[in-house]
Each structure stands twice: as structure tokens, then as C-alpha cells.
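As you go down the protein sequences, you meet chains A and B in turn.
First residue of the first sequence? That's 1 in my numbering, and the numbers climb one at a time after it.
First residue of the second sequence? That's 1 in my numbering, and the numbers climb one at a time after it.
Simulated from the structure, these hints should not be mistaken for laboratory data.
Here the structure is a predicted model, which means the values were calculated and not measured.
Quick reminder that beta carbons are idealized off the backbone N, C-alpha and C, glycines included.
It is possible that some hints are incorrect.
[Said to hold, decoys possible] Covered stretches of chain B, as calculated for chain A (at least 3 residues, CB under 8 Å):
no.	segment
1	187-198
2	204-218
3	234-246
4	250-258
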Amino acid sequence: MSVMSNVVLEVRDLTTKYVTRFREEVYAVDHVSLQVEEGKSLGIAGESGCGKSTLALSLMGYYFPPLHYTCGEIIIDGRDISAMRPDDVRKSILGTEIAYIPQSAMNALNPTQKVIHFVEDVFQAHDPFKSKKEIHEFAKEAFETLGLPEEVLQKYPVELSGGMKQRTVIAVSVLLCPKVLIADEPSSALDVTTQKMVIKMLKGLMENGFIKSMIFITHELPLLYNVTDDIMVMYAGQIVEKATAREAVFDPLHPYAKGLMGSIIVPESGLRDVKLAAIPGVPPNLKDPPVGCRFAERCKYVRAECKVAAVPLYDAGGGRAYRCILSEEVLREAYQHAG
Amino acid sequence: MPAEKDPCLSGRGVTKVFGFGRTRTVAVDHVDFDFHEGEVISIVGESGSGKTTLAKVLLGLINPTEGEVYFQGKERDIGSYRKKKEYWKQIQAIFQDPYCSYNIFRKIDTVLLDCIHMRGGRGLPRAKKVELMAEACSFVNLKFDELTNKYPFELSGGQMQRLMIARIFLLKPKILLADEPTSMIDACSRATILDMLMQLRDEIGMTVVFITHDIGLAYYVSDVVYIMENGRFVESGSADNVILHPKETYTQRLINDVPKIYEEWDLSTV
Ligand SMILES: Nc1ncnc2c1ncn2[C@@H]1O[C@H](COP(=O)(O)OP(=O)(O)OP(=O)(O)O)[C@@H](O)[C@H]1O
Ligand SMILES: Nc1ncnc2c1ncn2[C@@H]1O[C@H](COP(=O)(O)OP(=O)(O)O)[C@@H](O)[C@H]1O
Ligand code: SF4
Ligand SMILES: [Mg+2]
Ligand SMILES: [Mg+2]
Numbered sequence: 001m002s003v004m005s006n007v008v009l010e011v012r013d014l015t016t017k018y019v020t021r022f023r024e025e026v027y028a029v030d031h032v033s034l035q036v037e038e039g040k041s042l043g044i045a046g047e048s049g050c051g052k053s054t055l056a057l058s059l060m061g062y063y064f065p066p067l068h069y070t071c072g073e074i075i076i077d078g079r080d081i082s083a084m085r086p087d088d089v090r091k092s093i094l095g096t097e098i099a100y101i102p103q104s105a106m107n108a109l110n111p112t113q114k115v116i117h118f119v120e121d122v123f124q125a126h127d128p129f130k131s132k133k134e135i136h137e138f139a140k141e142a143f144e145t146l147g148l149p150e151e152v153l154q155k156y157p158v159e160l161s162g163g164m165k166q167r168t169v170i171a172v173s174v175l176l177c178p179k180v181l182i183a184d185e186p187s188s189a190l191d192v193t194t195q196k197m198v199i200k201m202l203k204g205l206m207e208n209g210f211i212k213s214m215i216f217i218t219h220e221l222p223l224l225y226n227v228t229d230d231i232m233v234m235y236a237g238q239i240v241e242k243a244t245a246r247e248a249v250f251d252p253l254h255p256y257a258k259g260l261m262g263s264i265i266v267p268e269s270g271l272r273d274v275k276l277a278a279i280p281g282v283p284p285n286l287k288d289p290p291v292g293c294r295f296a297e298r299c300k301y302v303r304a305e306c307k308v309a310a311v312p313l314y315d316a317g318g319g320r321a322y323r324c325i326l327s328e329e330v331l332r333e334a335y336q337h338a339g
Numbered sequence: 001m002p003a004e005k006d007p008c009l010s011g012r013g014v015t016k017v018f019g020f021g022r023t024r025t026v027a028v029d030h031v032d033f034d035f036h037e038g039e040v041i042s043i044v045g046e047s048g049s050g051k052t053t054l055a056k057v058l059l060g061l062i063n064p065t066e067g068e069v070y071f072q073g074k075e076r077d078i079g080s081y082r083k084k085k086e087y088w089k090q091i092q093a094i095f096q097d098p099y100c101s102y103n104i105f106r107k108i109d110t111v112l113l114d115c116i117h118m119r120g121g122r123g124l125p126r127a128k129k130v131e132l133m134a135e136a137c138s139f140v141n142l143k144f145d146e147l148t149n150k151y152p153f154e155l156s157g158g159q160m161q162r163l164m165i166a167r168i169f170l171l172k173p174k175i176l177l178a179d180e181p182t183s184m185i186d187a188c189s190r191a192t193i194l195d196m197l198m199q200l201r202d203e204i205g206m207t208v209v210f211i212t213h214d215i216g217l218a219y220y221v222s223d224v225v226y227i228m229e230n231g232r233f234v235e236s237g238s239a240d241n242v243i244l245h246p247k248e249t250y251t252q253r254l255i256n257d258v259p260k261i262y263e264e265w266d267l268s269t270v
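With the hints as constraints, model all of the structure from the sequences given.
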């Protein structure tokens, strides 16, 4: 941990679980550690069910059944929020320290409320003495900075197109200038052009001083590559690769990360000459994950040792880490031969 | 495009209008096309451009308001229910939202059993039917034993999508319409589904029509691409021509707006 940089969010060994109706325990976030510095964005990739959304929820320190906190620390600007009571988290953390845009947030907007009402709600929870007039002035200015027409404030969600709705959700989420913004698949259901507008807006939030750092979650790797500084790949509740966006996409170490990068589809010349690398099989059931490497069942390079004991996250230096018993040299060599 | 072979499915001036007066929507607007046997064709367009509506017309689920559909060189005749059933032996579809395309009250084994019956296998011994169903499931990496007695809504999106492909494996149609077959699943499993579809095509020699908003996917899988905007085909041709050398500004925009990894993705255009 360098002293030079300003770490906004630090997570150590965070473990959370779902307790199902049948009292089964699903460890969807398993000893996750991460750091986000001021002015930086972190991307989280991985296939459906690997725990991305659960991690996003867990990071807020705001737990309600079936999700439960097990252990670990969440430190925002030096303050550990993991031990706080849910009510306190809601009052003093959400919106101001961390803002969260859940998957399909735009479809969850209350259809009977005008946008300005959402804005008022946000302020009332944190600054009940602000007058309506002040709130409206502030919102108008913020919307303008973010490139949204002021008229949007007086509209109902149904009157907005999908892209406009999503951008409105983002704008309202960052009104209190949170230190960390967590966006879970914010553009996945949109057409490419609207997606691009949403991305442009997200990227502008830091420049405009609305947020200090961002965690961006999506299974679309080309998108992560273009938006975030660093990428973490999750598999079965664990981090299996941590690297800069460029390294993660062009020089991944973990076999699962390598597989993901091989499934990227972009309309660029050359794509038709490569064969997409489909990863066979499905992820393990998190109620009862395998003892050894969780990827072993699907890994081309699996050996007997892989299945013996849990595989730790190896530090590869320079901020990189990966969870595989094979050395960097062996892995790179293997990928070279695979072509 | 003039072609050596006769097209297996064509359309001339195919149009579908919904509603009247102020609610009138021209979902498909005078489209012409020729799909040739064995080709993989993609129809690419944004949300609401009319892709699904066209797919429904092609499948005979809704009638075009105007225009003609030609099937195997002849004007398509699906006037009676019997003719429609014959038609559906040759042309089948995988739909955008797999949960909508099943009868939720029917168990999965009956979904597959229906396919065997449709292909004239009603009289087969029970053991043979189970064998066929198990084979179809293993083709798509599903375990038949784990599926029996389940209802469609008990499967995940990805499992459902694979079950749809297992259906096609049993039905062996001449033409397959796949409407956003990978939109329900993540980018990582997308390659698996595409692999399965392409393998199936090689095995039974189907013509595949992909309907998608994903221009990268269209480029990867198809021989021919049609670009759809507001119900019209604005550009068509070989995948290389359309995607690498687009002529229409609409096509250019679609391509520009997809995030890239080799070239720079220019955000200043929106
Ligand atoms: N049954 C219907 N009644 C009235 N309008 C309809 C009906 N079905 C579709 N439309 C309209 O027709 C147009 C085309 O819709 P369609 O579903 O074909 O688009 P699409 O290209 O498949 O979009 P998506 O990418 O979102 O699936 C839209 O304007 C839609 O609202
Ligand atoms: N409410 C819940 N109760 C029990 N298990 C859940 C619940 N929500 C998610 N899970 C499980 O937690 C794991 C991670 O899910 P999720 O975080 O949604 O993944 P992702 O966002 O990466 O698709 C999955 O195994 C999923 O089945
Ligand atoms: S530990 Fe073994 S099974 Fe796991 S990713 Fe590495 S090589 Fe594959
Ligand atoms: Mg999710
Ligand atoms: Mg559609």
C-alpha cells in the first residue's frame, strides 16, 4: 500500500453470504480485497452468477436478508463502515460516501413520481433543512453540467427513453457527490448509441467533480476496457485476476481470464479469422464449492495438485495478482502454444 | 445480389403496419430480401427497428399487411392450419425471451417430446424417444435426467437458451430464425451458444437467420448482413463489405458506437 496515493476505498478480506430459505449458505463474495484510489476506476468482470452484483451490494456495508455480512473490512476515506449499524449506514454513508446504481435501476423508478421528486427525496434524507427552491436550483445546475436537459426534472419516468432514464438515474445518484460510485451493468440493456452516451456521462462524472472514484461492473469486456483503469475478474465468488485494463485484456494470466478474453466479439477486422474460445462447462455451485481451485472442472491446464487445497491469490508485482498454482512463465508459455 | 442458387426464402415489399390513425406504426416497411440455402444471414438493427416483427412475419405468426413472402421459389401458402404445420417443419425459431416461448404449464420433457412427434416419431418406442431426447440434451451440454419433471421457469436464462437449441436439434428445420439468441446470457457464455448453433448448422445444413442488435456478433457469424433502420433495410451485402466498408451513415454510426479494443473508441461523437 503506497502512502503517496490517496486510497478512497479499501476492502480487506470481505466475505458475505446468502442464507437461503432452506438454510443453505451461498458464499457469493469470498475473501475479496480491493483498493480504489482517488481519480481511478475499477472494473469487475465475470460471467453471470459469479458474484459481481453481490459484491456491489456488499461494498455498501448495508446488509439485509438474505444477504449477511461474515467478515472483512470496508474502509472509506479511513473510516471502517463494516461494523456500523444498518440504520447508520443508510443515514450517513449511502449517497454521500457511496452511491450505488443497481442492475436495471431504471426500470425500478417509481412511475408515479416526477424526476424532481427523486431529487427532493435524495436531499431530504441528508439535508432536511434545504429549501425546495435551493434543491431545484442545485438540480438544474447539476443536470446542466451533466448534459441533461432541465425539462427532464419535470417529467415522469415513462416519458423518458431508456437512455435518458438511465442517465437520469445516474445524475440523481451523484447529486450528493459521493466518494465512490458503484454502477452495476448500467448500460447493458441499451442500444449502442445510447450506451455510448451513458458511458460518456459516467466518464465525465470524475472530471466534473461529482465523484472521486468508480466501480464499474459488466460482463462486456470491451466496455470495461474502455471505461476503467483496472480490471478484476471474478470467478465463483473469488477474485482470480487483478490487473490494469490493458494487461487484463491483452495479457491475462489466469486461465479463466484468458478464456474470457478469448470470447470477446468486436466488429473489427481480424475478428473473423480467430475462433472464439468458448469456455466449456458451467461455474460450480456456490453452496458447495470445490475444495481446490474453483475453476479446475473447466480448466484446460488442470493438474492433480490443483484440486488438493484452496489456491491463494498470488501477488505478481506491480499491482497484479492471480489465483493459479502455475507460474507466470508456465502460463504464458501455455498460451503461446495454444495460439 | 444475383446468386447462383435459387433463394430458399425471399420477400418483396414485405410490410407490417400495427394500429390505425394516431397509433399507426409501420414496423416493417417494404423490405426485399433473398436468403440462400446454407447461408448465415444477420439482420441488425436497434431496438424497435422491426426485427422481431419481421421474424414473426417470416415464421407465419402474423400476416404481412402488404407484400409477398416466397418459400423455396414459390409464393408461400400457409392459409390453412395444416399447411402452417407443414411450413413449421421447415422453418423454426428461437426467440428473444425464451421464457415467453414455452408453455409454462408443460414440463420440459414434453417440450422435447413434442419435437419428436412433430417429426413423425409419435410411434417410436418410449426407450427410443428418451434416447433421442438425451442425445439432444447432451448436444447442448444439459443433462436430460436433471431436466425431466422440471418446468421451464425453473431453468436459468442460459439453460433455457440451450434447451431451445436442443429443440432445434430434434426438429432439424431447413431454416432457423434466431431472434437475439444470446441477449439473455452474458458475453462469456455467448461464444458457447454460437458454437452450438454453428455446429448444428454444419450438421443439418440449415440456413440460419440471426436477428440481433450486436453488430460484432453479426460480423463474426454471418455471410450476409442486412442493416435495418425504422422498418427498412438500409444496407445489405457480404459481412466484410457491410461491416468493414459501410456506405450508409446509419451503419457507420452503429459500428462507431460499439466499444472497440484494437482501434480507439471515440466518445466525442455522441
Ligand atoms: N403487437 C404490436 N402492436 C403494436 N405495435 C407493435 C407490436 N409489435 C411491435 N410493435 C411496434 O413495431 C415496432 C418494431 O418492433 P419490433 O419488436 O419488431 O422491434 P425489434 O427490432 O425486434 O426491437 P428489439 O431490438 O427491442 O427487440 C416498434 O415500434 C413496436 O413498438
Ligand atoms: N437473493 C439470493 N439468495 C440466494 N442466493 C443468491 C441471491 N442472489 C444471488 N444469489 C447467488 O449468489 C451468486 C452470485 O450472484 P450475483 O451476485 O447476482 O452474480 P452476478 O452479478 O455476477 O451475475 C449466485 O450463485 C446466485 O445464485
Ligand atoms: S490452479 Fe490449476 S485448475 Fe486452477 S486455474 Fe490454475 S491450472 Fe487451472
Ligand atoms: Mg449481476
Ligand atoms: Mg426484438
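Here is what the structure says about each hint:
1. 187-198: It holds: at least three residues are needed, and the segment 187-198 of chain B offers 8 whose Cβ sits within less than 8 Å of chain A.
2. 204-218: Answer holds; 6 residues pass the 8 Å Cβ test.
3. 234-246: Result for this restraint: holds, n = 4.
4. 250-258: Holds, because 5 residues of the segment 250-258 of chain B bring their Cβ atoms closer than 8 Å to Cβ atoms of chain A.
The earlier numbered hints are all upheld by this structure, with none contradicted.
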